[in-house]
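Chain residues, written in single-letter form:
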Amino acid sequence: MSDFAEAHGAQVRHPGAATYLIIAAFLVVLTAMEITVFYVHALRPVLVPVLIVLAAAKFALVAMFYMHLKYDGWLLTGVFVFPMMIATVLLVSLLMLFAYLSNHMAPLG
Amino acid sequence: MAAQPKPLPVHQPSYLEGGGIAGWLTTIDHKRVAVMYLASALFFVAFGGLEAMAIRVQLWRPDNHALSAAIYNAFFTMHGTTMVFLVVMPLLLGFLGNFLIPLQIGARDVAFPRLNALSFWLALVAGILLHLGWIRGGLPDAGWFGYANLTERYFTPGLAVDWWVIGLLVSGTSTVLTGLNFLTTIIAMRAPGMTYMRMPMFIWAQLVTSILILIAFPPLTIGLIFLLFDRFFDTHFYVASAGATPILWQHLFWLFGHPEVYIMALPAFGIISEVIPTFSRKPLFGYPMMAYSVCLIAFLSYGVWGHHMFATGMGPVADSAFAITSMLIAIPTGVKVFSWIATVWGGSLRMTTAFYFALGMVLEFTIGGLSGIMHASAPLDLQQTDSYFVVAHFHYVLFGGVMFAILSAFYYWWPKISGRMLGERLGKWQFWTTVIGFNLTFFPMHILGLWGMPRRTYTYGADMGWTHLNQLETIGAFILGIAFLFFYINIFKSLISGERAPADPWDGRSLEWSTPSPPPAYNFATIPQIRGRDAWWILKYGRAGSRGVAAYMSGQAPSQPQAGEPAFVEGIHMPAPSIFPLVLSLGVGMMGLGLIIDWYRIILIGAAVVVLSVIGMGFEYADFGEESHDPEHAPSSGGIDVRKIGVWSFIGSECVFFASLISTFIVYKSRSLAGPGPKILNIPLTSFSTFILLMSSLLMVLALAATQRGDKRWARIWLGGTVAFGLIFLCGQVYEFTSFCHEGMGLTTNLFSQSFFVLVGFHGGHVAIGVIWLSVLLVAAMTGKLGRSRALSVELAGLYWHFVDVVWIIIFTLVYLMQAVPGA
Chain H
1 MSDFAEAHGA QVRHPGAATY LIIAAFLVVL TAMEITVFYV HALRPVLVPV
51 LIVLAAAKFA LVAMFYMHLK YDGWLLTGVF VFPMMIATVL LVSLLMLFAY
101 LSNHMAPLG
Chain A
110 MAAQPKPLPV HQPSYLEGGG IAGWLTTIDH KRVAVMYLAS ALFFVAFGGL
160 EAMAIRVQLW RPDNHALSAA IYNAFFTMHG TTMVFLVVMP LLLGFLGNFL
210 IPLQIGARDV AFPRLNALSF WLALVAGILL HLGWIRGGLP DAGWFGYANL
260 TERYFTPGLA VDWWVIGLLV SGTSTVLTGL NFLTTIIAMR APGMTYMRMP
310 MFIWAQLVTS ILILIAFPPL TIGLIFLLFD RFFDTHFYVA SAGATPILWQ
360 HLFWLFGHPE VYIMALPAFG IISEVIPTFS RKPLFGYPMM AYSVCLIAFL
410 SYGVWGHHMF ATGMGPVADS AFAITSMLIA IPTGVKVFSW IATVWGGSLR
460 MTTAFYFALG MVLEFTIGGL SGIMHASAPL DLQQTDSYFV VAHFHYVLFG
510 GVMFAILSAF YYWWPKISGR MLGERLGKWQ FWTTVIGFNL TFFPMHILGL
560 WGMPRRTYTY GADMGWTHLN QLETIGAFIL GIAFLFFYIN IFKSLISGER
610 APADPWDGRS LEWSTPSPPP AYNFATIPQI RGRDAWWILK YGRAGSRGVA
660 AYMSGQAPSQ PQAGEPAFVE GIHMPAPSIF PLVLSLGVGM MGLGLIIDWY
710 RIILIGAAVV VLSVIGMGFE YADFGEESHD PEHAPSSGGI DVRKIGVWSF
760 IGSECVFFAS LISTFIVYKS RSLAGPGPKI LNIPLTSFST FILLMSSLLM
810 VLALAATQRG DKRWARIWLG GTVAFGLIFL CGQVYEFTSF CHEGMGLTTN
860 LFSQSFFVLV GFHGGHVAIG VIWLSVLLVA AMTGKLGRSR ALSVELAGLY
910 WHFVDVVWII IFTLVYLMQA VPGA
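For the record, the sequence lines run as chains H and A.
Sequential numbering of the first sequence, starting at 1, is according to this note's numbering.
Sequential numbering of the second sequence, starting at 110, is according to this note's numbering.
The set of hints was computed from the structure by calculation and includes no laboratory data.
Keep in mind it's a predicted model, so treat the numbers as computed, not measured.
No false leads were slipped in.
Restraint-style ranges between C-beta atoms, simulated for each label pair: (1) A/724 - H/25: 31 to 41 Å; (2) A/556 - H/104: 28 to 38 Å; (3) A/874 - H/89: 20 to 30 Å; (4) A/851 - H/17: 34 to 44 Å.
Partial pick of chain A residues on the chain H-facing surface, computed with a CB cut under 10 Å: (5) 415; (6) 426; (7) 762; (8) 814; (9) 926; (10) 928.
Covered stretches of chain A, going by a simulated chain H footprint (3 or more residues, C-beta under 8 Å): (11) 765–771; (12) 906–918.
We put the CB at the ideal spot given by N, CA and C, even for glycine.
Turn these sequences into a full structure, and let the hints steer you where they fit.
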């Protein structure tokens with residue numbers, strides 16, 4: 001392996017079909033759980049955190065196994081995860097800023 | 110044994126020679142692309158400069174009417190837009206970045222040469238679109254920041270803002286492509302031995318700037334898309350009377366706008382970090398801290414946008430957070446200033462024009478930085494907002510900091526670029542007139558601002574007491590104009606009769622000085638082995654740099670690449686020229702033009718040109734979709750292909766793109782004043798679509814696995830299945846949209862509908878592009894062209910497809926399943 005590969009932990013071995021099918025099964029189950037949570041009124045109080053956790057799990061499964069981040073080394077993970085974190089911070093920041101705006105400004109309309 | 114730069118033959122043709130006009134139009138050589146960026150920037154700087162002079166003429170005396178108020182507004186708008194997007198960024202990234210990055214890292218070109226040429230042509234098209242208002246529809250006049258809702262069609266009818274929106278969208282696309290290209294190049298194409306901590310500081314700056322571009326431009330793109338929808342499709346993203354808030358634009362713009370300051374400043378820091386060590390004949394002081402500082406500045410720069418918005422009333426918590434981050438950013442910036450000073454300290458100084466400008470930059474930028482810290486204080490900022498103090502501050506940063514650095518770079522690298530020296534005498538004249546003119550123009554603005562003179566003011570009354578300082582500023586502006594006259598004369602004289610430049614006229618430290626001036630098309634006959642920082646210096650003098658100083662002090666000329674032994678250049682395989690970047694850009698320009706002048710045939714023709722060009726580029730080389738690279742320095746060495754890094758970088762940028770869209774949806778979903786809301790969403794249908802898209806991801810990885818093991822039959826089946834599932838998803842989306850329209854919810858119905866349609870529609874657009882991409886691969890598979898050796902092509906398409914899938918996972922949760930959760 002070259003310097004570059006060693007430096008970035010580059011690997012090329014990807015999982016086989018069995019792993020992909022297992023991940024697909026997990027994705028289906030998690031999606032079913034999401035929809036169930038949506039329709040069960042008793043779970044409404046915890047709807048947001050539960051849905052976020054389930055979505056994050058699905059996101060991570062696809063990114064790690066189907067997009068091979070688990071196998072392709074830290075460089076590509078960094079190229080993806082850093083902007084992903086920035087995007088998350090951006091989203092949360094904007095929501096908080098506009099929540100303040102909505103609560104402290106004159107009613108709309 | 111480690112490869113060393115081989116001596117080059119006497120008459121190796123430089124990159125400037127040969128090809129004629131067609132050669133330039135089809136070039137993908139990074140150095141030629143750089144020169145075209147330079148020519149374009151020098152063209153547009155004439156516009157920006159003359160607009161600035163006209164502004165100063167208007168403010169020469171009270172109650173002046175040299176310009177009409179409308180023209181004055183247009184001039185300050187176009188001055189800012191032109192200087193930022195068409196002059197400074199193209200000079201720092203397109204010109205200097207393009208020319209120097211491959212040369213300084215020991216590469217023969219950038220990672221994606223055709224994409225590089227495309228970036229240039231798109232930038233040129235953007236510049237032309239931005240200036241077409243001179244011919245039809247008038248110039249935009251809402252300020253370079255284009256604050257909503259002044260830019261809405263109700264307040265600014267006509268075509269002027271349309272040119273601005275479309276021009277900036279094209280310019281932004283060009284810049285993002287450049288960032289992606291540079292990031293990939295620096296990550297993957299450094300010469301053997303050039304670790305991150307051995308890179309020249311200019312490369313560090315360009316690396317971090319590229320990352321910043323990828324995460325800073327998407328919010329601007331989204332803001333512009335909303336504005337485009339408002340102006341062309343009657344949505345109300347920024348219309349308060351529809352329940353929206355114009356503050357959304359300010360957030361999206363400054364999320365881009367403040368990092369943009371550092372997108373311009375960091376390369377300038379990189380330039381100074383190259384020039385000062387060379388002319389001080391010392392290594393850069395505190396290299397590791399300088400590198401970390403660049404990273405920290407970039408990171409913090411993404412969290413300070415709110416200090417542009419203290420006056421909007423963000424609340425004490427947000428104000429405090431933005432004030433703290435804005436103050437914190439002074440620390441790594443201060444580290445850089447002290448490191449430069451420490452590098453100069455005790456050095457064996459050579460007072461060249463490049464060094465003069467570098468020292469000038471340190472001083473002037475520090476003044477701008479100090480007034481910047483004042484803006485970090487929210488109470489003080491409220492007094493300074495929208496006053497001339499702000500104009501003074503950002504000109505000290507962008508002219509005193511960035512333009513001084515660009516001029517320093519010009520005098521430093523011009524011999525390498527052109528093969529000719531610039532005149533030192535004229536250079537010194539230029540330096541002193543620049544310093545005098547610059548400070549006369551911009552320093553009094555601090556005082557005028559504190560006295561209350563508002564920025565963007567068309568004129569002022571005689572009783573305000575602002576006349577004398579304004580006149581001083583106008584005189585300064587004309588002195589600055591004279592300084593640039595010296596500059597143009599110097600360039601002209603250099604090109605006509607300038608002294609021939611040797612390969613290493615300054616006894617430089619980085620690799621570009623190991624090549625002839627100007628360099629050959631292939632840059633390096635042999636890719637050098639890097640043994641430490643200041644790679645060329647070490648190659649010349651050995652690891653102990655002090656020996657070089659000793660040789661200089663004793664009058665011994667440093668070793669130069671000597672003519673003689675011919676380099677073994679026959680084996681170097683450079684990418685072939687391509688006309689497609691130019692043609693594709695023309696197609697984009699036609700689409701923009703057609704949209705603005707409401708001529709849909711032109712849009713269709715432009716779209717056809719774009720599609721055909723993309724297909725043409727895809728099949729231009731035998732290895733479809735692959736760039737030709739020299740095998741000796743294959744960028745895919747190490748198991749990670751440059752294309753894979755490029756696609757991941759693009760995906761990273763797209764994360765921020767969709768985050769901006771999703772944020773807007775959540776903010777707006779429950780602010781509608783009338784019409785249907787989130788309850789209209791069809792969960793059963795969307796659950797089915799989600800299942801289909803998730804399963805398409807499974808089929809995609811199975812297709813990749815089949816391709817990798819050379820199983821063509823199953824590769825075809827799985828690829829076909831992925832395309833089919835993608836089409837089913839799209840059909841579901843079309844059905845959903847159609848049913849919403851039948852239920853009375855169209856694009857413009859309310860804030861919920863417009864933010865929903867734009868978000869979900871953009872995702873659908875991504876799915877459609879993915880389906881087209883996969884269909885091309887399917888055709889290749891059906892015709893037997895998708896063998897095991899091209900598994901990477903499937904993997905790249907798969908990465909994009911999976912990303913579209915994960916975005917949908919987020920959309921399904923936040924938009925559909927959380928429909929009952931109120932927005933912000």
